[in-house]
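S.K.: Here is what each chain is made of, one letter per residue.
There are 2 protein chains.
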Amino acid sequence: MNFTNFDYIAMTMALLAARESAEKYGEVPIGALVARGEEFIALAANQKEQEKCATRHAEIVVTEAASAILGRWRLIDCTLYVTLEPCIMCAGAIIQARYKRIVFGTKDLKAGAMGGFCNILALPGLNHYPVIEKGLLEEECAKELKDFFLARRQLHPAKKCARRP
Amino acid sequence: MNFTNFDYIAMTMALLAARESAEKYGEVPIGALVARGEEFIALAANQKEQEKCATRHAEIVVTEAASAILGRWRLIDCTLYVTLEPCIMCAGAIIQARYKRIVFGTKDLKAGAMGGFCNILALPGLNHYPVIEKGLLEEECAKELKDFFLARRQLHPAKKCARRP
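Protein chains in written order, with my numbering: chain A, 1 to 165; chain V, 1 to 165.
Simulated from the structure, these hints should not be mistaken for lab results.
Warning: the hint list may mix true and false statements.
Cut-off 25 Å, straight-line C-alpha distance, at most; resulting in silico cross-link-like pairs (SDA-like, lysine to any residue) [unchecked claim]:
| hint | chain 1 | residue 1 | chain 2 | residue 2 |
| --- | --- | --- | --- | --- |
| 1 | A | 100 | A | 13 |
| 2 | A | 110 | V | 74 |
| 3 | A | 107 | V | 37 |
| 4 | V | 100 | A | 47 |
| 5 | A | 143 | A | 115 |
| 6 | A | 107 | V | 128 |
| 7 | A | 52 | V | 25 |
| 8 | A | 134 | A | 50 |
| 9 | V | 110 | A | 76 |
| 10 | A | 107 | V | 52 |
| 11 | A | 24 | A | 3 |
| 12 | V | 52 | V | 155 |
| 13 | V | 107 | A | 49 |
| 14 | A | 110 | V | 131 |
| 15 | A | 24 | A | 49 |
| 16 | V | 134 | V | 155 |
| 17 | V | 100 | A | 50 |
| 18 | A | 24 | A | 4 |
| 19 | A | 52 | V | 157 |
Treat the numbers as computed from the prediction; the structure is a model and nothing was measured.
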């Protein structure tokens, strides 16, 4: 994959948002950013535990923020950057919002819906197919999650840790 | 399927919410209700056009309302009633929220993810599988959508109507 400087900056910002949400709120560190060309539109992190709501994945939160800012539900000219491969819900939201392009950091073998656990976009007959680019800052994104779960296991050795928020 | 009186009442309420959102806001009429046993928890309709946001399907909106009311993201003791078969995004949200049971009215051959267009729950290895019951007030739920699109085509004959909000 040929990523641009802007792509690296966008994913770094998503990663910093992920880290902040883990440090401040104890959330599983997953961050997302929406850009239109090289214009930053919205940045968000996983808020599931704070909001006590299963739909508050970073991709959903940032899609809602971007739609509010742009005043429309079709994000056909936008790229979504996310540190972890989207789950089925988020892959579905990405199709619904008609994103042009998705860039994700590390794959999710347990719940990723873009090739890790399953591949929603391999289904024929969807009404939209975004371009998918994977592996941007893959090691950094994976390390953020690994460090988080390691620290949580050390703090709560008896508690079973869910891989995905 | 053996549906109870409560099931019929719950789906009728979802259907009325769907109709109201179409009449008041021009939304595609889809409604959803969350119940815990025979206790009503939350009722919502599709808000995609009002909110200008692709994630505002009835199932997502009602899941957020139910989580806010119950103060938790796990809805393991809840049933979600929805007039139309959930799409991929909403099927994913249903898995994320760990619903006990899903009851839907009419199938969606173009976008339904519980057997109509595809079947997400046929994937082995998901971390949750709700009970699915389909066909409650099927004709009424289908007619609501059919009448809506018929009226829209008569009003805007040149406009292409999306089947799904």
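S.K.: To test your reading of the hints: which numbers does this structure violate?
M.R.: Of the numbered hints, 3, 7, 8, 10, 11, 13, 16, 18 and 19 do not hold.
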